[in-house]
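Construct the complete structure from the given sequences, taking the supplied hints into account.
Okay, here's what each chain looks like letter by letter:
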Amino acid sequence: MLTFFVSSSCKKEDKQPKNTTTKLFTFNSLESEHNEINQGNVTRITAKVTGEATYEWTCSSGDLFGSGNSILFGAGSCCKGDHYIYCNVKDKNNNSESKSILIKVN
Amino acid sequence: MKVAHSIFLACLFLKFQLVAQCCGGGAHIGGNIFLGTLGKGYLQFNSNYRESYSQGYMQNDWNSDFKFIKNAYSRHLGVQLGYGITKRLTLDLETGYFLNRTQNFEIGSYSFSHTGSGLTSVTLAGRFNIFKLKKSELEWTAGLGVRAPVSKNRQMKNGVELSEDVQPNNGSYGIVFRSFLAKEFDNIHANVFLINSISVNSTNDKDYKDGNTYISTLLYGQQIIHNLTGIIQVRNEIRDRAIRYGSEIYSTGGFRFTLVPQINYTIKNKYNISLIFEQPIYRYYNGTQLKDKYAFSVNFNMLLPVTKNAKETCEKN
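Chains as they are written, first to last, in this note's numbering: chain X, 1 to 106; chain D, 1 to 317.
Derived by calculation from the structure, the hints in this document are not laboratory data.
From a predicted model like this one, the values you see are computed outputs, not experimental measurements.
According to the in silico footprint, chain D covers these stretches of chain X (three or more CB under 8 angstroms from chain D):
#1 27-41
#2 46-57
#3 63-73
Chain D is nowhere near these chain X residues, computed Cβ spacing over 10 angstroms in every case:
#4 91
#5 93
#6 95
Once the Cα atoms are required to be at most 25 angstroms apart in a straight line, the calculated PhoX-like pairs of lysine-lysine come out as:
#7 D:157 with X:99
#8 D:157 with X:92
#9 D:206 with X:80
#10 X:104 with D:70
#11 D:183 with D:270
#12 D:152 with X:99
#13 D:152 with X:90
#14 X:104 with D:67
Just so it is clear, CB atoms sit at the ideal spot from N, CA and C, and this is done for glycine as well.
As structure tokens, then:
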């Protein structure tokens, strides 16, 4: 009887759904090769992340090239001034975290 | 009269032709050319296909050796529906779709390509005939339109947001003022048209505002042979600087003159096909900007009487 009770209890515990809110990544930093560039040039920006995640990149102005955790930011003739580049990191449990970095275009 | 009809129909497409902006790449500046009213009970359908190409850079009015975008091109489909509410008042609905807005980049040893596509915006406009003097064959029509974006969602590719210049629309609203002055010279089968428009844009969700645009167009049309009309157009386009975060962006806006030859062929007095070529003849860009090289369009138009009265009037003519 006791054996049966313990056995049932274990089975019930196994069926419980996994915790889907567990964050599957750590967003350590957002880094750029250069913090200042001239118009017509690019700089590489890298999201230092450990774990499984997907990446979304946006910027206040200018052009972004590439995909994944490392992209290039470039500025044409339109884009003199300060520009923020945003990286939003998301995992399959819908956890997300954003960081931004300021690049000055001369 | 046939010449007037051909120009009238050809002008309808100008709102779709004038889509290139001073920044290049074929950014849509909305319904900016305007014409007289339709008859009461008439329905008008216009469709248009336009390609534009930009390459190289200009600083003010000379060529620049600045390098970033190697070239840019766009392919756009435009549709317009017009309906004559009364003899003097016409309502229009216009929209468009970018098959592509592409920029090819060459930055040092890197080569990239960005392409956006999708619906542009919807414009609801009205035009009102202020006067039509039969004796002097002079006509003046003015109008007002409001433009709204179809979508405010920014296009992304592989998790990266595309730039303003390749988005099908930038998510802003707009108002368009239009004026259309026409003088007919029936004795020599010719017409002269003066068309003016002002397009005012709102600030979008990214705190970016496209520069307002002021366009003046002078057209002369001459019947060549039966059903075929040649039209020559000189267009002046002035664009204010764009504004981001409350500050003007230096390398935006400017002005240019464009020569636009076109031919229009009428089929069964009902359908019209036009071929149009746009060649900038003088450009002055603020700062350094991508240079518009040329554009061409193919247009199709039909005008149908819908109500019983309109059909009767049409048959009599």
